[in-house]
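Could you put together the complete structure from these sequences and hints?
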Amino acid sequence: MSSSRFTPKGFPSVPLQNGIGRYICQLKRVTLRFCKSSGSSRGVRDFIETELISFAQDHPGTVVYLKPRRHKSPSFVAEYLNGEREVISCHNFSSHEMIKWLNLYATRSGIPLKRYLKMWHTECPSIQGVWSPFTNMDPALNITQFPSKKLSNPVWEEKSATEELLEKVKQQKISSDDENDDDNTHSNRAAQV
Amino acid sequence: MSQFGRVKQWNTFARCWHLFDATWQNPLQCSPLIEKYLKGLHKPIYHPFVDCGDHVVIMNSKQIAFPGEEWRRRVYFHHTGYSGGASWTPAWELHEKDPTMIFRKAVYHYMKGNLFRRVVMERLHIYPDSNVPEEIMENITNQIQPLRPIPKTLDSYSNEEIEKYPKIIDYPQDYLLSK
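From first to last, the protein sequence lines stand for chains L and C.
First residue of the first sequence: 1, per full-length UniProt numbering; consecutive thereafter.
First residue of the second sequence: 1, per full-length UniProt numbering; consecutive thereafter.
Keep in mind that a hint or two might mislead.
Stated by the list, open to error - Here are some, though not all, of the chain L residues that point toward chain C, as calculated from beta-carbon distances under 7 Å:
#1 132
#2 133
#3 143
#4 146
#5 147
#6 152
#7 157
#8 169
None of these hints come from the bench; they were simulated from the model.
On a predicted model such as this, the values are computed, not experimentally measured, just so you know.
We put the CB at the ideal spot given by N, CA and C, even for glycine.
Rendered as structure tokens:
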């Protein structure tokens, strides 16, 4: 709730485009601390006996250290390539739980957990560029002197009856001139014949 | 944010200045058009909480037009707050007192009443004639096209145009058109 104001926030990120073309496991070191005798470390001991070799073989980029400590609660430290370090208590963990938790920390990028503002992220938000008031603007406006006479008229203007009449008169004049021209050419041809 | 990204941000939110010639325009019909530019509704980045409105400069507000009986019938109400302080001013009278007031009120009343209304109204600059100050005129990058055509008055026709105008009849020499 209100703690969301103080928890770190951000967008999904990945170190050095990991996973595009090649994948580097970001977990560089795991240190397993356990007790050889106490019951709370039993699952860890089982894990070491049965699964640890295959885990180390599956993650060749990860160093695994074993740190037996007398009468201490078991835990493991996961260290990442970016310097992050996390301590996980494995008190009373079973062997199966150990596999699951180690697998989780081996697949993490090491970037601390944060509240995601968005579930996606892109380095290139727009190829055509961010909109500005000057995109798609008519370049003629750059040299226009305001107030412009052309822009003082509406976008669409209905023709008035007077204008239509004047246009008709103009057309009539043109057509009558054409007819006169035609008559002249005909008479000329007749004279030639 | 990178330095270039910051500049892109400034460019996106740059305020533009629009000019509007109110000659022969009905302010009640123009107010939706003006409001669109004042609030930035015409921009793809518009959001009600984002301050992305533009400035609008209205000139010739003295030359506005009202249809029909509107100048006489339209009445602007004001109350001083004291008893008997109510007053009703007809539009023609208000227009005589302040030629910018009718346009300002038309835009103000068209907009929805919220906390941003007065802030948005600050971006509206109205001038009664075409004498707009130079420091405002130099900002203008666009002109809003009016809604109505400006009619051509009889006295604006030149002698040449009158002579060229097609006639049906020629009036006789002794015919009196006017005294």
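Quick one: which hint numbers does this structure break? Sort them smallest to largest. 3
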